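Given the sequences, and given the hints that come with them, work out the whole structure.
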Amino acid sequence: ESGSDSVATKPQVASFSSRGPTNDGRLKPDVVAPADYVVSACSGPTSSSSIRVREMRGTSSAAPVVAGMALLIRQYFEDDKFFYKNCAVFQRHGDMDCTPFSPSGVLLKALIITSATKLASSSPAEELDYMQGFGLPLIKDILPCEMSNDCLESGKSLIVYDKMWISPSENVVVDVELRPPGALKVTMVYYDQPSEEEGLTVDLNFHLSTPCANISTNDPKNPVEKLVVRSEDLCCTGAGQTTSCTVSRS
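Quick note: the sequence shown uses the working numbering, first residue 111, plus one each step.
If you're looking for bench data, these hints aren't it; they were derived computationally from the structure. None of these values were measured; they are calculated from a predicted model. Careful, some of the hints might be misleading.
[To be verified] Heads up, simulated DSBU-like pairs for lysine-lysine below, C-alpha to C-alpha not over 30 Å straight-line:
#, residue 1, residue 2
1, K191, K250
2, K273, K331
3, K138, K336
4, K228, K273
5, K250, K266
6, K273, K336
7, K295, K191
8, K250, K295
9, K228, K331
10, K331, K295
11, K336, K295
12, K228, K336
13, K228, K266
14, K228, K250
15, K273, K295
16, K138, K228
17, K273, K191
18, K266, K336
19, K138, K250
20, K138, K331
21, K331, K191
Right under this line is the structure:
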């Protein structure tokens, strides 16, 4: 939950927001959402036709914000008025299929996490943040569409892969065309099998190769991997250069 104990000029994690990790060490929360001084509708005490509004705070305010984001993202990919109509943004990548589809739960989670930006925090940027997870998600930072003021900025693009299966000891390589300037965000979310043991039953990892750097992830506890590579670390001097993202299963 984001907010503050008083009306704040900058978003911050509310003092009453739950902190992680879980008992077995997994990252929680995944993201945070507004939950302080949120105005919500409520019915009157005696009549169903009496409608009022009141300020609310807590998970009851934060959870609907993220749930609404997930619903809008799902509709975006299912409705050809959105996904297919804006397919020109995706067509710069020849292997993208622009047919509308029903995204899986893990894809919705991956997109929400990809859109998230960290709020002010005392945790080092490279460490897991048990106060806010991956930060505050903003749907306008993830979905390409015609309304540039409310959608992904012009010149940026989104590539999605859903419901992929990776066999044991298999590597899956995805090549991405770089378009300077700007950072590259890569997020992987997957289902893991239930287990009574701590840690992951299936552990997937990233390896990203850019023109001037090799970056890897190795998180044995969380079925989420996210990389944010700054523009200067991509060493991209012009259109046409590519970076390879390898997903491996251990």
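To see whether the hints hold, each was checked on the structure:
The suggested pairing of K191 with K250 holds, with an alpha-carbon distance near 17 Å, which does not exceed 30 Å. For the proposed pair K273 and K331, the alpha carbon gap of about 21 Å is at most 30 Å, so the pair holds. Between K138 and K336, the direct Cα distance comes to roughly 15 Å. Compliance with the 30 Å bound is thereby established for this hinted pair. Proximity of K228 to K273 is assessed by CA-CA distance (about 28 Å); at most 30 Å being required, the pair is judged to hold.
Pair hint K250 plus K266 holds up; C-alpha atoms about 12 Å apart against a cutoff of 30 Å. Between K273 and K336, the direct Cα distance comes to roughly 18 Å. Compliance with the 30 Å bound is thereby established for this hinted pair. The hinted pair formed by K295 and K191 meets the criterion: a straight-line CA distance of about 26 Å does not exceed 30 Å. Note on K250 and K295: the hinted pairing holds, with a Cα-Cα distance of about 15 Å set against a maximum of 30 Å.
Between K228 and K331 the alpha-carbon distance is near 21 Å, which keeps this suggested pair within the 30 Å criterion. Between the alpha carbons of K331 and K295 the distance comes to roughly 21 Å, so the proposed pair stays at or under 30 Å and holds. Proposed proximity of K336 and K295 is supported: the alpha carbons are some 7 Å apart, at most 30 Å. Proposed proximity of K228 and K336 is supported: the alpha carbons are some 13 Å apart, at most 30 Å.
Proposed proximity of K228 and K266 is supported: the alpha carbons are some 20 Å apart, at most 30 Å. For the hint pairing K228 with K250, the CA-to-CA distance comes to about 16 Å; that is within 30 Å, so the pair holds. Proposed proximity of K273 and K295 is supported: the alpha carbons are some 19 Å apart, at most 30 Å. Between K138 and K228 the CA atoms are separated by roughly 14 Å; this keeps the pair inside 30 Å, and the hint holds.
Simply put, K273 and K191 have alpha-carbon atoms about 23 Å apart, close enough for the 30 Å limit, and the pair holds. A distance of roughly 18 Å separates the Cα atoms of K266 and K336; the hinted pair therefore holds under the 30 Å criterion. Of the supplied pair hints, the one linking K138 and K250 holds, its CA atoms being roughly 24 Å apart against a limit of 30 Å. With a C-alpha separation of about 12 Å, the suggested pairing of K138 with K331 holds against the 30 Å cut-off.
Taken as a hint, the K331 and K191 pair is broken in the structure, with Cα atoms around 39 Å apart against an allowance of 30 Å.
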